[in-house]
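Chemist: So the protein lines, in turn, are chains B and U. Those letters in the first sequence? Residues 1 to 376, per this note's numbering, in order. Those letters in the second sequence? Residues 377 to 712, per this note's numbering, in order.
One or more hints might be untrue.
Restraint-style ranges between C-beta atoms, simulated for each label pair [unchecked claim]:
#1 Ser273/B / Leu387/U: 55 to 63 Å
#2 Asp701/U / Glu33/B: 36 to 44 Å
#3 Tyr265/B / Asn378/U: 30 to 38 Å
#4 Arg301/B / Gly440/U: 28 to 36 Å
Chain U regions said to be covered by chain B (calculated; three or more residues, Cβ under 8 Å) [to be verified]:
#5 599 to 610
#6 625 to 632
#7 637 to 646
#8 651 to 662
#9 704 to 710
These are computed hints drawn from the structure, not numbers from a lab. Built from N, CA and C at the ideal position, the CB exists for glycine as well.
Here are the chains, one letter per residue:
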Amino acid sequence: MDLNYSAEEAAFRDEVRAWLRANLPQDLREKVENYQHLSKDDLMRWHRTLAKKGWVAPAWPKEWGGTGWNVVQRYIFEEELGYAGAPPIIPFGVTMCAAVLLRFGTDAQKKRFLPRIYNGEDFWCQGYSEPGSGSDLASLKTKAVRQGDHYVVNGQKIWTTLAHYADWIFCLVRTDPTLEKRQEGISFLLIDMKTPGITVRPLILMDGAHEVNEVFFDDVKVPVENLVHEEGKGWTVAKYLLGHERMNTGRIGESKRQLNRLKQYAAPMMGESRWRDRLTRLEVELTALEITNLRFLDRMRRTGQPPGADVSMLKIKGTEIQQGLTELMMEATDPAASDELSTAIRKRYLSMRKTTIYAGSNEIQRNIIAKMTLGL
Amino acid sequence: MNFDYNEEQQLLADSVRRYLADKYAFEQRQTIVRGQGWSAEAWAQFAQMGLTGLPVSAEHGGFGGGAVDLMGVMEAFGEALVVEPYLSHVIATRAAERGGATDLLPAVIDGSMKLAFAHNAKGVTAKKSGTRWTLEGEVRGVIGAPVVDRLVVTSAAGELFLVGKADVKAHRTMDGRLAGDVVLRGVEAQPLEGTVDHLLDFGTALVCAEAVGVMKFACDTTLEYLKTRKQFGVTIGTFQALQHRMVDMFISLEQARSMACLACSRADAGGDRKSISAAKIKIGDAARHVSQESVQLHGGMGMSEELKVSHAFRRLTVLAREFGDTDYHLARFASL
Chain B
1 MDLNYSAEEA AFRDEVRAWL RANLPQDLRE KVENYQHLSK DDLMRWHRTL
51 AKKGWVAPAW PKEWGGTGWN VVQRYIFEEE LGYAGAPPII PFGVTMCAAV
101 LLRFGTDAQK KRFLPRIYNG EDFWCQGYSE PGSGSDLASL KTKAVRQGDH
151 YVVNGQKIWT TLAHYADWIF CLVRTDPTLE KRQEGISFLL IDMKTPGITV
201 RPLILMDGAH EVNEVFFDDV KVPVENLVHE EGKGWTVAKY LLGHERMNTG
251 RIGESKRQLN RLKQYAAPMM GESRWRDRLT RLEVELTALE ITNLRFLDRM
301 RRTGQPPGAD VSMLKIKGTE IQQGLTELMM EATDPAASDE LSTAIRKRYL
351 SMRKTTIYAG SNEIQRNIIA KMTLGL
Chain U
377 MNFDYNEEQQ LLADSVRRYL ADKYAFEQRQ TIVRGQGWSA EAWAQFAQMG
427 LTGLPVSAEH GGFGGGAVDL MGVMEAFGEA LVVEPYLSHV IATRAAERGG
477 ATDLLPAVID GSMKLAFAHN AKGVTAKKSG TRWTLEGEVR GVIGAPVVDR
527 LVVTSAAGEL FLVGKADVKA HRTMDGRLAG DVVLRGVEAQ PLEGTVDHLL
577 DFGTALVCAE AVGVMKFACD TTLEYLKTRK QFGVTIGTFQ ALQHRMVDMF
627 ISLEQARSMA CLACSRADAG GDRKSISAAK IKIGDAARHV SQESVQLHGG
677 MGMSEELKVS HAFRRLTVLA REFGDTDYHL ARFASL
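The following block holds chain B by itself, in its conformation from the complex:
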């Protein structure tokens, strides 16, 4: 048993860290550290910086621009990004749509979309949830009817993150409403956001920010070449995506940075044992989660097998820790203070409640572990 990184892994981490120190723009780092809004330009500037270095899509095959790193290196890279306070790499294109295209896309689809995703020319969003279909995603109703060379799409998506920035949306749609097994009537479509009939309406959340949207489809014509995999196989694609790249949901590096920030910000309160013990418990949970995450990676590397359903615990614990940290941070602000930082911290507390709800709510994650890991 050896909990330390190997010499090569430690050297890799140092290389990433040194590069980030030299190349992460100071203004972006400060925005992230002070919980300020990141514009589309901010996000894409960082995306292009990573693309230029060749690090924007480490998990892709080398021929499409991947780095060839193993799972441990990819984990180290992601954690270092979080720890350094880099803007997020928006996952809908690089992580999600690309993974689907690489697995199920035609050569033409790969050639058309992957380079543009890599270079940040297309901004993607994800059209999954609907007003009546949240956790029960397979009940979705947005329908696509085949008419010659096109599908005609009608319906509504909701909670669509950054749809107002997006050039493209990947959507789960119902192509056959008659099938008894409702999963078999779902297909996976790529839709150009500029197509006539698409309306994006902002949904303002309780922190006052515009991050998510409603997207309406009114007789939207989508060429059939934008179907991924076969018609009716959309659920297979969705399930594949669900199981993909789940080793970084713990957000360990990001939480470590927040923990350090909190200790510094709340320094005067560290002498107060009731406060300090709550912080310590979070720090202990975070340490435990980091080791649990490394145990999963070690198992994957050793067996060559994809992660099991039990990695859902990374999402559960990781988001609980993130929320715990933002809650303590909020409590550390002076309730009477109205300065910019105090206000941003309180808004962040409001915003971070989303983490246990999105990307498969923590209750859904528990269902997954109960069924797949525990056999209940």
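Starting from the known structure of chain B, fit chain U onto it as the hints suggest.
Modeler: What follows is chain U alone, placed relative to chain B:
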């Protein structure tokens, strides 16, 4: 980075588990508890498997086992709720060897001599007159004290002493183990080199490993119960309210296991007391969570003396407080 046991460690843990499955099933364990509170036969078997001398260095005929080497054994002992004072013996053995009392080691290894570790934070007063040391004071609740042959006693100043004879008032802990209140009234003692700190870290790490074993049992048996117990015409494991609580127990177990790995690795590396306190904080919280939920999900059966799960509950309650409870380690974590 590697989280597996090496081949030797795995083989040892496997053979201990095989032995315990065969000779230390719950009913057999209860016979021991209802009898003398320990089994000479089991101890002889531990010696035969090399466990009694595991922490002794190869130079003195042992296996030079550190905390990681002992981790799998402690987990297996936790799963079976072993009552013999093995951990107390292991810590005292390490103190004896490192302190220079190497003459005891052959008997320790062959199983004919058992040791116990008598520590209390208030401590015992050590006095020296000429070359002769005597101890004055009491150490309550020393696991194994009534049946061991020698005690390693810690003084208030953190020094270590070997004691042959002391008055011991025997009693049982709430989890059925044999313990004793040791009364030292001018008892002659042999000073040992070394101080108590590293022994406490070593013991804390191993208690974490033992607790992980008990939690593993508690989770396994509760999961089994959810899959077999029927109410309202279905197994109760089909209820989502219970599924989610079971999942949270499972997560607590895995988080605790991660911290036990950390504690044992750090104890072997020496230093990093902060990580060891962090581990005990997590183990304390997880032990409470898993033990309480395992009883609750068993319903009335969980309260029953007849079921092993209620004994696991008691063991976890005690282990959560051994080598410093959660509050103690929260304070220590902050001070380091």
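Chemist: For each hint, tell me whether it holds in the structure or not.
Modeler: Going down the list of hints, with the structure as the test:
Between Ser273/B and Leu387/U the C-beta distance comes to about 46 Å, which lies outside the given range of 55 to 63 Å. For the hinted restraint 36 to 44 Å between Asp701/U and Glu33/B, the CB-CB distance of approximately 37 Å keeps it satisfied. A beta carbon spacing of about 37 Å between Tyr265/B and Asn378/U agrees with the range 30 to 38 Å that was offered as a hint. Distance hint check: the CB atoms of Arg301/B and Gly440/U are about 29 Å apart, consistent with the given range 28 to 36 Å.
Given as covered by chain B, the segment 599 to 610 of chain U passes the check, having 3 residues with a CB less than 8 Å from a CB of that chain where 3 are the minimum. Counting residues of the segment 625 to 632 of chain U whose beta carbon lies closer than 8 Å to any beta carbon of chain B gives 5, which meets the minimum of three for the stated coverage. Proximity of the segment 637 to 646 of chain U to chain B, defined as three or more residues with a beta carbon under 8 Å from a beta carbon of that chain, is established by the 4 residues found. Residues of the segment 651 to 662 of chain U with a Cβ under 8 Å from some Cβ of chain B number 5, which satisfies the need for three, so the listed coverage holds.
With 4 residues carrying a beta carbon less than 8 Å from a beta carbon of chain B, the segment 704 to 710 of chain U meets the three-residue requirement, and the given coverage holds.
The structure fails to meet hint 1 from the earlier list, while all remaining hints are met.
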